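Asks: Residue 0 is where the sequence shown starts when you use numbering that gives the first Met the number 0, and the numbers rise one by one after that.
Please note that a few of the clues may not be correct.
Have a look at the derived ranges for each label pair, beta carbon to beta carbon [said to hold, decoys possible]:
no.	residue 1	residue 2	range
1	Arg34	Thr8	38 to 44 Å
2	Gly23	Ala2	30 to 36 Å
3	Tyr11	Glu40	28 to 34 Å
4	Ser1	Glu35	28 to 34 Å
5	Ile25	Asp49	32 to 38 Å
6	Tyr11	Glu38	39 to 45 Å
7	Asp49	Thr14	21 to 27 Å
8	Ile25	Ala4	27 to 33 Å
9	Ala41	Ala10	27 to 33 Å
10	Leu39	Leu18	28 to 34 Å
11	Asp49	Val17	34 to 40 Å
12	His3	Glu40	53 to 59 Å
13	Ala41	Tyr6	30 to 36 Å
14	Leu39	Val17	30 to 36 Å
Quick caveat, the hints were computed from the structure, so don't treat them as lab data. No experiment lies behind these values; they were computed from the predicted model shown. Yeah, the Cβ is synthetic: ideal placement off N, Cα and C, and Gly gets one too.
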Amino acid sequence: MSAHALYVTAAYGITAMVLIGLIGWILIDQRARKRELAELEAAGIRRRSDKAAKP
0 MSAHALYVTA AYGITAMVLI GLIGWILIDQ RARKRELAEL EAAGIRRRSD
50 KAAKP
């Protein structure tokens, strides 16, 4: 493998790892936000948009 091919392979590998890490972080954060919303709604705290929908 030439030095150029090694560089390109490493660049693609690092990029793939960063993208996988970001996607994982987003999914973990999404679960946490959904859990927080469920806790707030269980406590009786409603969304502002919920009031506008009800007459």
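Asks: Determine for every hint whether it applies to the structure shown.
Replies: Status of each hint after checking the structure:
1. Arg34 - Thr8: 38 to 44 Å: Holds - the Cβ-Cβ distance for Arg34 and Thr8, about 39 Å, lies within 38 to 44 Å.
2. Gly23 - Ala2: 30 to 36 Å: For Gly23 and Ala2 the Cβ distance comes to about 32 Å; the hint holds.
3. Tyr11 - Glu40: 28 to 34 Å: About 43 Å separates the Cβ atoms of Tyr11 and Glu40, which means 28 to 34 Å is violated.
4. Ser1 - Glu35: 28 to 34 Å: Because 51 Å falls outside the window, the suggested range is violated.
5. Ile25 - Asp49: 32 to 38 Å: 25 Å, violated
6. Tyr11 - Glu38: 39 to 45 Å: Distance hint for Tyr11, Glu38 holds at roughly 41 Å.
7. Asp49 - Thr14: 21 to 27 Å: 41 Å, violated
8. Ile25 - Ala4: 27 to 33 Å: 32 Å, holds
9. Ala41 - Ala10: 27 to 33 Å: 47 Å, violated
10. Leu39 - Leu18: 28 to 34 Å: 32 Å, holds
11. Asp49 - Val17: 34 to 40 Å: With Cβ atoms ~38 Å apart, the hint holds.
12. His3 - Glu40: 53 to 59 Å: 56 Å, holds
13. Ala41 - Tyr6: 30 to 36 Å: 53 Å, violated
14. Leu39 - Val17: 30 to 36 Å: 33 Å, holds
Violated hints, in rising order: 3, 4, 5, 7, 9, 13; the structure is consistent with all others.
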